[in-house]
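Peer 1: Sequence:
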Amino acid sequence: MATQRGLYRSRRHRIIAGVAGGLAERFGVPVWLVRFIWILLFIPGGLPGVVPYVILWIIIPLEPEE
0 MATQRGLYRS
10 RRHRIIAGVA
20 GGLAERFGVP
30 VWLVRFIWIL
40 LFIPGGLPGV
50 VPYVILWIII
60 PLEPEE
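Using numbering that gives the first Met the number 0, the first residue of the sequence shown is number 0, and each one after it goes up by one.
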């Protein structure tokens, strides 16, 4: 039985805090796709993208060092 990986902010795929990279790694989607969605959320004034990003930055732990 495979162990399911938890949600962590990525150390490898990080530009600001690793939130998009961590979500991409967790759900098995390309990092560029998650970043593109964040950019779309930032376009209408920033608020729909900034608030969730900061909340996730605070609550998702950083990926443990290997």
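Hints were generated in silico from the structure; no laboratory data involved.
Mixed in with the good hints there might be a few duds.
Beta-carbon label-pair distances, calculated as ranges [to be verified]:
1. R4 to P43: 30 to 38 Å
2. P47 to R25: 20 to 28 Å
3. E65 to L39: 18 to 26 Å
Where a beta carbon is used, it is the ideal one built from N, C-alpha and C, also for glycine.
Peer 1: Can you give the numbers of the hints that this structure goes against, from lowest to highest?
Peer 2: 3
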